[in-house]
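Student: Sequence:
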Amino acid sequence: MSRPKLLPATGAQAKVEVPPGWFITISAVSRKTYNQLITCDFEVQGTAKSHYIVNKWGQVNMKMQDLDSSEDVVTIIPQEESIVFELNAYFSTTASVKGEALRADKYRSSRLNILGTQKPPNAPKDFPDYSTFVIFVEDAPPTTQVAGAPEYDDSLITVNIIKGELPPPPPDTGSQALAQTGKDAIDAFINVYTDPTKPGPTIPPEVIIPPPPLPPTPQLPVCIIGAGVAGLYIAMMLDSLGIKYEITEGSGRTGGRLYTHNFPKNSGKYQYYDVGAMRYPETTFMTRTFDLAKKRLGLTMLPYLRANDNAFLSYNRVSITKAENKQKDLVKDDVFKVSVKNDGYVPEDHFEQGTGVFWDQILGELRQYFVDYSFPVAFDKLKQLEDHSVTSYLLLVKKIPYPVVKWWETMESRTGLFDQSLVETVLASLVFMDPNMTGKDVNWWCFDGGSEVVHKAMTDRISTKPQHFMRVTAIKESDNGQTLTVSFDSTHNPRPSAQGRTEKKYSQVISTMSFGCLRMVDLEHLYLSYGQRNAIRQLTYTPSIKIGLQFKTAWWEKLGIVGGQSSTDRPVRDIVYPSYGPDASHPNNQKSNCMIAAYNGMQDSQRLGGLMKGKGTPEERILLDLVMRDLAAVHKVDVEKLWDEYEDYYPWDFYRDEFQLGAFCQFGPNQFKYTYPYVTQPGSKDQRFHFAGDATSTFHGWVAGALNSAWRAVLGMLLAHPELNPNPNEDIVAKFKKEWGDSEEWDQRTLATHTYLGRELNKLNLQSP
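Oh and the sequence shown: position 502 is 502 in the UniProt record's numbering, straight run, nothing missing.
No wet-lab data here; the hints were simulated from the structure.
Among the hints, a few may not be true.
Stated by the list, open to error - EDC-like mimics (lysine to aspartate or glutamate), calculated; alpha carbons at most 20 Å apart, straight line:
1. K558 <-> E647
2. K636 <-> D574
3. K15 <-> D187
This one's a predicted model, so the numbers in the text were calculated from it and none came from an experiment.
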């Protein structure tokens, strides 16, 4: 193992080489009345750094101060690469400030004597690895040095080096911007009610404080509604805190959008496709996801293959490979016949620029803010556009003709998706196209066995397992607000003895339901603010469908396609090829023989979803025939040959799933500002109802958003109700933070202020006539 070591040096200089991942502190003490200076020079990732440690007051035995800070210790955090730092000692008889006079009238110290020690070989394994260098300095002007009589006690330098961890990489711009969107919305919301110059009620700062100590509540559990990844993560957190809970799930399965369909007809290890979440970029905002999957659950992940040049682009009845498209002359060939000169409707000047203008140039100009300006300035400039949808920005600001806007949407997005928020679209693009990470590829992953392995592993870890077929029909306040009563309908439980309608009391309720499902629940006797009720009604969940097909062989591999995705304007829109496999049950494939034959959203998904009426129905026979014809046309193969390969299919529409009513939340213009603050505050008179799920995070549509929302919901609950602590002698918030870390979306102080402010606003609203 590489360790710190001294390098050869001359005179009053010391050189120390420190490997990556070691933490360094340097301090010095003077015993002389004249001024002394220690310089510490090193290079951090190509940038030279210097620190001056100086005794500028001339006092005996005084710690020498680091002039770059108010501290008397120079601290160098662990670096990704090894560094060499040089220490030089000087002294002067002239007073100095920040070393200026020292440079004019100074002497290099004559000699150094260095002693070193390190972790003993027989030290306990959990004892930290360290190296310490103690440097004794002799000061004497050259004319007065006495041979053989050194004074090594003029000053003392101590260098402590301890094994640490490499610093985390700086957050990518997209992750940082997404998190900042939520932070700004919360800060603005808090300011509205705490700034006395603003119109409306002002909440005095002295009342936005933690609640007074309360007697322990009756031994009632916390109710977690929904056994998706957010609900299971909440259960894991409550287990670690010793808080009792129950998880109720309306459907007959666990996992929510972590849904993997395994084809039963000809089963095998890789005879599946992910109906829900299927791919995971290794970016900053996915940190909690990878911590859960790899560190806490120990799951195996496989590379996700996003691109393949042999995949197809198929538009306006013309199908070519992506490799062929790169070789074509856009203006000369007009492969897809969309320009006005070929009976299309795209004006020539815009057609010649291509569809990449939208992502590369239009959105690129907005992403470039984060290169040209500091992050706060760039983010503020982007926020000035938050009133716009993508369409309104293109039409009204950039003056792009409507036919061009629709051409871009057809080729680069999903039908109707340009009606969503411009700012959210830019932030999403930053995740994939970070201008500050040019040339650095983002690694993408999928789970070996499908994403269902995540919720299965989580279920194995929790002490209280989900109760299925428990559809929530009503939530009301009871015992004068001291408890919440939840009504359940379990009439669809296949076990006759479990069927019926029941009510149960809980100390707290954390809902991870989509707001579409929550809107179907009777909340008449649960206090929610006007903003919270509006959020439940207004927030948009994106329609999304997938149709998985199982074939006898991965016939697309004969066309050179392994992984990646084909795109088309046909009803199937996107075709996703597997990145996992092969499977011994279906030999002679490089990857699995199961594909996602149709993956689309918005209006495209709503039309195909209308044909999903159940296997064997006339509507689904029409659907399957349509999909097979589209596959044949896109890949330029005989549809009858595809039928010869066909084994099974499985369609899914998240909007028609009664336990989802939409795939994931997608904010419209201004909804971060006017809606997000309300869904991150607890509801009910006594703040016993808590919102979770990706809609209550800034990372919409990602597992990371669900996990971050769960973190915020649990910490918010602990802040609002410290009486939940099963061990009053223990700081439960500190325990929570130690086990579950921090969140890039929230800091504890802001969340506490936001939670306590919500409590005071509830009091005001409840007192209103």
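Student: Each hint should be assessed against the structure and marked as holding or not.
Tutor: These are the hints, each one checked on the structure:
{"no.": "1", "hint": "K558 <-> E647", "verdict": "holds (18 Å)"}
{"no.": "2", "hint": "K636 <-> D574", "verdict": "holds (16 Å)"}
{"no.": "3", "hint": "K15 <-> D187", "verdict": "violated (47 Å)"}
This entry does not satisfy hint 3, going by the numbered hints stated previously; all others are met.
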